[in-house]
Amino acid sequence: MEFTLTGIIVALIVGLVIGALGRLVVPGKQNIPIWLTMVVGVVAALLGTVLARALGVADTRGFDWIEFFFQVVLAAIGVALVAGTSGRRRLTR
Numbered sequence: 001m002e003f004t005l006t007g008i009i010v011a012l013i014v015g016l017v018i019g020a021l022g023r024l025v026v027p028g029k030q031n032i033p034i035w036l037t038m039v040v041g042v043v044a045a046l047l048g049t050v051l052a053r054a055l056g057v058a059d060t061r062g063f064d065w066i067e068f069f070f071q072v073v074l075a076a077i078g079v080a081l082v083a084g085t086s087g088r089r090r091l092t093r
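For the sequence shown, UniProt numbering assigns the number 1 to the initial residue and increments by one for each residue that follows.
To be clear, the hints were calculated from the coordinates, so they are not data collected in a lab.
Because the structure is a prediction, the values reported are computed rather than measured.
Using N, Cα and C, we set each Cβ at its ideal position, and we do this for glycine too.
Any given hint could turn out to be false.
Each pair of labels, with its calculated beta carbon distance range [unchecked claim]: (1) Thr60 <-> Asn31: 36 to 46 Å; (2) Pro27 <-> Asp59: 16 to 26 Å; (3) Leu5 <-> Gly84: 12 to 22 Å; (4) Pro27 <-> Thr6: 27 to 37 Å; (5) Asp59 <-> Lys29: 16 to 26 Å.
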């Protein structure tokens, strides 16, 4: 796998979009910074792609909706976990 500046920028943009969609799916307000949302989104995008490929649904004609669904669901779970753990720390201070 070759890392290029364009590939890194695309990954960051995809991560931001996936993270933002994950944040929209989770009810309530999430008190986490945008950079953490982006990190969660990038990780969710990567894990969603791995999961879709493992299940054999990543290579379809056109846009891969199942892969996208996996990515957004994983981002929502990640955002909820991060917001939940950071919220608990703030309450105990």
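Status of each hint after checking the structure:
| no. | hint | result |
| --- | --- | --- |
| 1 | Thr60 <-> Asn31: 36 to 46 Å | holds (37 Å) |
| 2 | Pro27 <-> Asp59: 16 to 26 Å | violated (33 Å) |
| 3 | Leu5 <-> Gly84: 12 to 22 Å | violated (35 Å) |
| 4 | Pro27 <-> Thr6: 27 to 37 Å | holds (36 Å) |
| 5 | Asp59 <-> Lys29: 16 to 26 Å | violated (38 Å) |
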